[in-house]
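Peer 1: Here's the letter readout for the chains.
Number of protein chains: 2
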Amino acid sequence: MIVDIHGHYTTAPSALSAWRKAQLAGKTVELRISDDEIRESLEGAQLKLQRERGTDVTFFSPRASAMEHHVGDAKTSADWSRACNDLIYRCCELYPKNFVPVCQLPQSPGVAPKESIAELERCVKMGFVGCNVNPDPSGGHWKDPPLTDRWWYPLYEKMVELDVPAMVHVSSSCNPNFHATGAHYINADTTAFMQFLTSDLFKDFPTLRFVIPHGGGGVPYHWGRYRGLAQDMKRPALREFLLKNVFFDTCVYHQPGIDLLLKVIPIDNILFASEMVGAVRGIDPETGHYYDDTKRYIDGSQTLSAADRRKIFEQNARRIYPRWKVQ
Amino acid sequence: MIVDIHGHYTTAPSALSAWRKAQLAGKTVELRISDDEIRESLEGAQLKLQRERGTDVTFFSPRASAMEHHVGDAKTSADWSRACNDLIYRCCELYPKNFVPVCQLPQSPGVAPKESIAELERCVKMGFVGCNVNPDPSGGHWKDPPLTDRWWYPLYEKMVELDVPAMVHVSSSCNPNFHATGAHYINADTTAFMQFLTSDLFKDFPTLRFVIPHGGGGVPYHWGRYRGLAQDMKRPALREFLLKNVFFDTCVYHQPGIDLLLKVIPIDNILFASEMVGAVRGIDPETGHYYDDTKRYIDGSQTLSAADRRKIFEQNARRIYPRWKVQ
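Top line first, the protein sequences correspond to chains S and Z. So in this note's numbering, spot 2 of the first sequence is number 2, and the numbers just go up one at a time. So in this note's numbering, spot 88 of the second sequence is number 88, and the numbers just go up one at a time.
Honestly, the hints are just simulated from the structure, not real lab data. Any given hint could turn out to be false.
As the list claims (entries may be wrong) - No farther apart than 25 Å at their CA atoms in a straight line, the calculated lysine-lysine pairs in the BS3-like style are these:
1. Lys263/S with Lys295/S
2. Lys114/Z with Lys75/Z
3. Lys75/S with Lys125/S
4. Lys263/S with Lys295/Z
5. Lys244/S with Lys263/S
6. Lys263/Z with Lys295/S
7. Lys325/Z with Lys295/Z
8. Lys263/S with Lys263/Z
9. Lys143/S with Lys143/Z
10. Lys158/S with Lys143/S
11. Lys263/S with Lys125/S
12. Lys114/S with Lys203/S
Here the structure is a predicted model, which is why all the values come from computation and not from measurement.
The following block holds chain S by itself, in its conformation from the complex (with noise of 0.2 Å):
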């Protein structure tokens, strides 16, 4: 089986980003999106996608650039979060061999995120397997404290007795200096695993989960760096201390920087991932394929073994992702 588990619902109904700008607007509508619409929505993208790759199942989420934390209100970020996690939730209702939901929180700036467990409970006993937190819900100004400081603990509290991980997820930027996918993304993947290496947050947690998607950011690239600087730092060794609850996906879009990834990351820390359909959406004249079938890269890696490609592209988002198991 192949598990993808890093998608995003960015095809959704046209009707859900009117409902969102009525919301905007301060109008109340209701938000109504049939199962027919759901299903054309999905037919000719995600899951046609799946059948083309021969990928399974898709974790499945609301549109990151879409949770947008930092317009409106906790409010605001509460009813979009629910519309947002409950049309996920029919998705993986029509589509229950396809899909597995994981939820958006409705964080907001400035707002502490014990304030988002009440959705995480309430999607969890939906069936939702984990959570998108985004690590600077301002938007690209970072206003909020770092992952690993205590203002994040009643949260991480409920992911531990829930069991479940969280993707590490911004949304988009409204700084004029970060492109959303080609600079926000990257920066928060390589800024959160900064914060976890320079922090004791899993000693207090030794069985909290963190994904860090597309790949890590840069931090694999630059993984003599991360293991020096943690050396420098007195820290013990990444895979001690680190690599128990921080994973990677293969969200990299080219042979080089899988084959990088595949090298320097311990195979038991790697979930495959393409994030379809998402930032990068045209075919690679240099391949002839599209940019984001990461599961090509896998498939043509040189070094990985029969049991390693079992674990990257499902037995780790069991061992993650263990509500999945349940279902």
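Start from chain S and add chain Z according to the hints.
Peer 2: Frame of chain S; chain Z shown alone:
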């Protein structure tokens, strides 16, 4: 000849930081450092490592983390930059075969980059061959306009006139989210590249040149992503519209990272650098050598020809820093 284009005076005599401390306390003191003190600060550090590693020349600039453009006001930065650059000049006068001067600029948050022109001109007249441009003078809050904004154009006009390139280099971070050398540095590199990718800056300045340090941040690892993003935006191929103006150094502290850099980035765009004595000072237990002894990784590459090595070690630097030739 082997030219390391990225070194900072991280070992300056303590009188320099004492001067800075006095400056920030509003006291006027004279900066007194003898030639012998300078020699002593270099002989056991950068010069020793040059000899041990077999490199010849270092492009030498003030300590990046100490630029601290976010501290004080424009006058604070002007005085501090002059002091630091003058000290670099003295190092290069004492060891003209070993060091070539590169300056920091007196930037300040909210202060137009054109205010840095006078110091750039002063330094170039003294023989400096390049400058460091901080894309975020606010130190991790990213409050000023992107590098591609017209805000920066007067400085670029002067850089073009003087034919000096800039290294894009942030200073320390005063945002608790960003560890300086582990997150802020790498993020800034990635951010700058994406700013360039989304702009027509190099249409306006066809001969303007930037070196993105630390191996280009997260960019080469995600080269497929950047090629794909450019393609989705209907931009020309990266090689055509960015790589005449944007270059990467080799400050990547492990063999797999350097191998990836050499594989995906054209050789003409790669400049040898180590940033020693810098962010990572230890010895890698996996190799028994200093993490930042990047010459070993270039030497260890299985794919480079002798001609490629000459480009990376010397010829690209001569092309991109033409004032070096003049000396």
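Peer 1: For each hint, tell me whether it holds in the structure or not.
Peer 2: Evaluation of the provided hints:
| no. | hint | result |
| --- | --- | --- |
| 1 | Lys263/S with Lys295/S | holds, 17 Å |
| 2 | Lys114/Z with Lys75/Z | holds, 14 Å |
| 3 | Lys75/S with Lys125/S | holds, 21 Å |
| 4 | Lys263/S with Lys295/Z | holds, 21 Å |
| 5 | Lys244/S with Lys263/S | holds, 18 Å |
| 6 | Lys263/Z with Lys295/S | holds, 21 Å |
| 7 | Lys325/Z with Lys295/Z | holds, 23 Å |
| 8 | Lys263/S with Lys263/Z | holds, 15 Å |
| 9 | Lys143/S with Lys143/Z | holds, 12 Å |
| 10 | Lys158/S with Lys143/S | holds, 24 Å |
| 11 | Lys263/S with Lys125/S | violated, 38 Å |
| 12 | Lys114/S with Lys203/S | holds, 20 Å |
This entry does not satisfy hint 11, going by the numbered hints stated previously; all others are met.
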